[in-house]
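Peer 1: Please build the complete structure, drawing on both the sequences and the hints.
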Amino acid sequence: MLARVHARVRGWFGQVSRAKGQSVAAIRQTSGNSAREASQFLRRHYLLVSGALVLLSVPPLVAVFSGGGTLSAYEESSRQMDTQVAGLLEGENLVPPAPLPPMLFATVEVEQERPMIVSASRDWTLMHPEYTQRLLQAFKIMKERHGYDMAILEGYRSPERQNKLAAMGSSVTNAAAFQSWHQYGLAADCAFVRNGKIVISEKDPWAMRGYELYGEVAESLGLTWGGRWKMMDFGHTELRLPGVMKRR
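Taking the UniProt record's numbering, the leading residue of the sequence shown gets 1, the next gets one more, and so forth.
Treat the hints with caution; some may be incorrect.
As a list, the in silico DSBU-like pairs of lysine-lysine whose alpha-carbon atoms are at most 35 Å apart [to be verified]:
| hint | residue 1 | residue 2 |
| --- | --- | --- |
| 1 | K164 | K143 |
| 2 | K143 | K203 |
| 3 | K164 | K203 |
| 4 | K197 | K230 |
| 5 | K230 | K143 |
| 6 | K140 | K197 |
| 7 | K246 | K164 |
| 8 | K230 | K140 |
| 9 | K246 | K230 |
| 10 | K203 | K140 |
Quick caveat, the hints were computed from the structure, so don't treat them as lab data.
Peer 2: Rendered as structure tokens:
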């Protein structure tokens with residue numbers, strides 16, 4: 001009796017051992033097949049896999065080298081100006097400054113920089129309300145943050161005046177009537193006030209620095225700055241509203 005039981009137990013263990021061996025062999029065969037398939041896939045799609053690895057490695061590297069919570073001066077400046085934009089969009093209604101004495105625009109220096117500027121319109125009420133508020137915001141930021149007093153040289157410009165300026169040559173303007181945002185009250189030429197005088201020339205280092213700051217502020221408020229044009233116009237900004245001006 002015991003002999004028969006012993007024989008059955010040995011037979012059972014033999015079956016288990018054989019099954020285990022077959023399972024291990026199957027696993028090894030499957031692993032080998034998987035490895036070969038993975039190797040073939042990598043060879044066929046080497047560039048795709050390499051690109052994916054590069055993309056996955058970029059965010060960690062950026063996080064490491066950016067220093068965590070540090071921001072560049074430019075990014076910080078943009079965030080501060082975005083606060084001004086938010087205030088503008090929330091309906092902050094700024095009031096235009098009092099007009100400057102006409103004699104300030106009649107000096108030889110000003111006339112050399114801006115021909116016919118004496119007869120230009122500086123009436124804020126003739127300009128588009130949305131542009132007016134953005135420009136006033138720019139003036140406010142320039143004064144409070146950078147210490148620059150600004151003045152408008154010319155705002156709305158009639159079609160007749162635009163053609164007269166265009167007739168003076170490309171050194172003055174390339175735009176004829178209704179080709180300038182001035183005709184729609186959506187542009188203005190501005191400069192600085194220092195010691196009771198209008199300062200226009202960018203040859204003055206103080207003024208040039210002011211124009212650079214003005215450009216940054218204007219662009220943060222959604223305005224187009226003339227300082228980026230091929231024929232640079234540092235004091236010019238405009239608001240290009242859709243559906244207003246026809247393409248040339």
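Peer 1: Now tell me if each hint is right for this structure.
Peer 2: A quick look at each hint next to the structure:
no., hint, verdict
1, K164 - K143, "holds, 34 Å"
2, K143 - K203, "holds, 21 Å"
3, K164 - K203, "holds, 27 Å"
4, K197 - K230, "holds, 28 Å"
5, K230 - K143, "holds, 28 Å"
6, K140 - K197, "holds, 19 Å"
7, K246 - K164, "holds, 21 Å"
8, K230 - K140, "holds, 28 Å"
9, K246 - K230, "holds, 21 Å"
10, K203 - K140, "holds, 24 Å"
This entry satisfies every hint, going by the numbered hints stated previously.
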